[in-house]
Amino acid sequence: MNLSRHYRSELTENEQSELFGRLSVSQFNNLSVKITLFGEYEDRRITGIVTGIDPRHQLIKIETTGTKWDWHLIDFANVVEVEFE
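Residue numbering for the sequence shown follows this note's numbering, starting at 8 and increasing by one per position.
Each hint should be verified, as a subset may be incorrect.
Claimed, not checked - If you anchor each label on the Cβ, the simulated ranges turn out as follows:
#1 LEU80 to TYR48: 19 to 25 Å
#2 GLN23 to GLU92: 20 to 26 Å
#3 LYS41 to LYS75: 16 to 22 Å
#4 GLU47 to TRP78: 21 to 27 Å
#5 HIS64 to PHE91: 37 to 43 Å
#6 PHE83 to SER39: 15 to 21 Å
Unchecked claim - Quick list of in silico lysine to aspartate or glutamate cross-link-like pairs, EDC-like style, CA-CA up to 16 Å:
#7 LYS41 to GLU88
#8 LYS41 to GLU25
#9 LYS75 to GLU25
#10 LYS41 to ASP77
#11 LYS68 to ASP82
#12 LYS41 to GLU90
#13 LYS41 to GLU70
Please keep in mind that the hints were generated in silico from the structure rather than gathered at the bench.
Glycine included, every Cβ here is placed at the ideal spot set by N, Cα and C.
Based on the provided sequences and hints, a complete structural model is requested.
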């Protein structure tokens, strides 16, 4: 399998603010979101509820459910898209 590298376009301040707002809504209202994360060769998606946001370190904690409960710590710089489920 031959994967080609792709590059992330820089988000504007307004786009970053909108993504951060959606993450905050997920946290404060216990709403499920699908977060798309930039990957050098392929983007990755995580679905769950945001349970923590650290604005100083730009980190997001998301709890996922499915076959097993798990959580992930995400660098906000890697977030490409946030959609409500």
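Outcome of the hint check:
1. In this structure, LEU80 and TYR48 meet the distance hint of 19 to 25 Å, their C-beta atoms being roughly 22 Å apart.
2. Separated by about 21 Å at the C-beta atoms, GLN23 and GLU92 satisfy the suggested range of 20 to 26 Å.
3. Here the CB-CB span from LYS41 to LYS75 is close to 18 Å, well matched to the stated 16 to 22 Å.
4. Checked against the hint of 21 to 27 Å, the C-beta distance between GLU47 and TRP78 comes to roughly 24 Å, which is consistent with it.
5. Between HIS64 and PHE91 the beta carbon distance is about 25 Å. The supplied range of 37 to 43 Å is therefore violated.
6. With their beta carbons about 19 Å apart, PHE83 and SER39 fall inside the hinted range of 15 to 21 Å.
7. Using a Cα cut-off of 16 Å, the hinted pair LYS41 and GLU88 holds, with the two alpha carbons roughly 8 Å apart.
8. Our distance criterion of 16 Å between C-alpha atoms is met by LYS41 and GLU25, whose separation comes to about 14 Å.
9. For the hint pairing LYS75 with GLU25, the CA-to-CA distance comes to about 30 Å; that exceeds 16 Å, so the pair is violated.
10. Restraint check for LYS41 and ASP77: satisfied, since their Cα atoms lie roughly 15 Å apart, inside the 16 Å limit.
11. Restraint check for LYS68 and ASP82: the C-alpha separation of about 9 Å stays at or below 16 Å, so the hint holds.
12. Distance check on the hinted pair: LYS41 and GLU90 sit about 5 Å apart at the alpha-carbon level, within 16 Å; holds.
13. For the suggested pair LYS41 and GLU70, the alpha carbons sit about 11 Å apart, so the restraint of at most 16 Å is met.
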